[in-house]
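Asks: Each chain is listed here by its residues.
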Amino acid sequence: MFVVKKIFKWIAAFVASAAVGMVNGFFGGGGGMLLVPLLERGLSVPVKRAHATAIAVILPTSIAGAITYAAGGTFDLNVTLAVAGGCVAGGLAGAALLGRLPPRAVAIIFALVMVAVGIKLAFF
Amino acid sequence: MKIAILIIIGAAGGVLGGMGMGGGTLLIPLLTLAAGIDQHLAQAVNLMAFIPMSAAALALHVKNKLVRFSALPIAVPAAAGSVAGSFLSRGVSGNVLGRCFGAFLAVLGAVQLVSCIVGTVREAKREKSGVTRGADGEIKSEQIVRR
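Chains as they are written, first to last, in our numbering: chain V, 661 to 784; chain B, 45 to 191.
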């Protein structure tokens, strides 16, 4: 009975992660944020490990998506290099800020901005 | 000038990403709204721009033994789904894709907002009961804290 439950759990996790990958490819991102709850609830990975494991899953997922976009001709080297360079610098700053800012307050502000920008993009 | 704007946009996304908040989701609207980049290209750039940063973050997490390797098989269907999703987006116009992306962003933001509020409430309750958590978020011990 336990084995059946375990197999079912993995089938569900595979289907859900295929869906997350599809969304990540279609929208060019956002999959990592969906993977964290999937890992937490579906595969009982604790919060902090779920965040780290989500990166390990989303990295090959994003590479696969990026190759598909580039293969279809959607690619601009200069834009990618400029943004990626800024991203690495910003990432280091963000990691350094991590312990200094109240994470929950920042996350709430970030979520509000996402909702506002999302509504603007969808309807205006 | 445009390059400078792109670097600043990348940095903004990187700061959020470095804090573990999925900065990529805001990088895309920044690229389309502030730099006037086409929705499809913005999405492709987002996928590529986060690769070096995620690789560095991942190396650190592996070193700190935070990655649960037994969960990694789900990367296979996720990558396959990603290829399929990327193919599908080709058939959608930039305008429609942008609007769909906006709806997706709003839903993600709303979900994060709710989980933040739930998390804050739970933490407040836990503080009262005195349950302490270890570095990886697992409950290590339960002690009654008397004030």
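One or more hints might be untrue.
[To be verified] A partial selection of chain V residues facing chain B, derived with a Cβ cut-off under 10 Å:
| no. | residue |
| --- | --- |
| 1 | V664 |
| 2 | G689 |
| 3 | G690 |
| 4 | H711 |
| 5 | I715 |
[Said to hold, decoys possible] Derived lysine-lysine pairs resembling BS3-like cross-links, with alpha carbons at most 30 Å apart:
| no. | chain 1 | residue 1 | chain 2 | residue 2 |
| --- | --- | --- | --- | --- |
| 6 | B | K107 | V | K669 |
| 7 | V | K665 | V | K708 |
| 8 | B | K109 | V | K665 |
Calculated from the structure, these hints are not laboratory results. Here a beta-carbon is modelled for each residue, glycine too, at the ideal position from N, C-alpha and C.
Asks: Going back to the hint list, which numbers does this structure go against?
Replies: Violated hint: only 1; rest satisfied.
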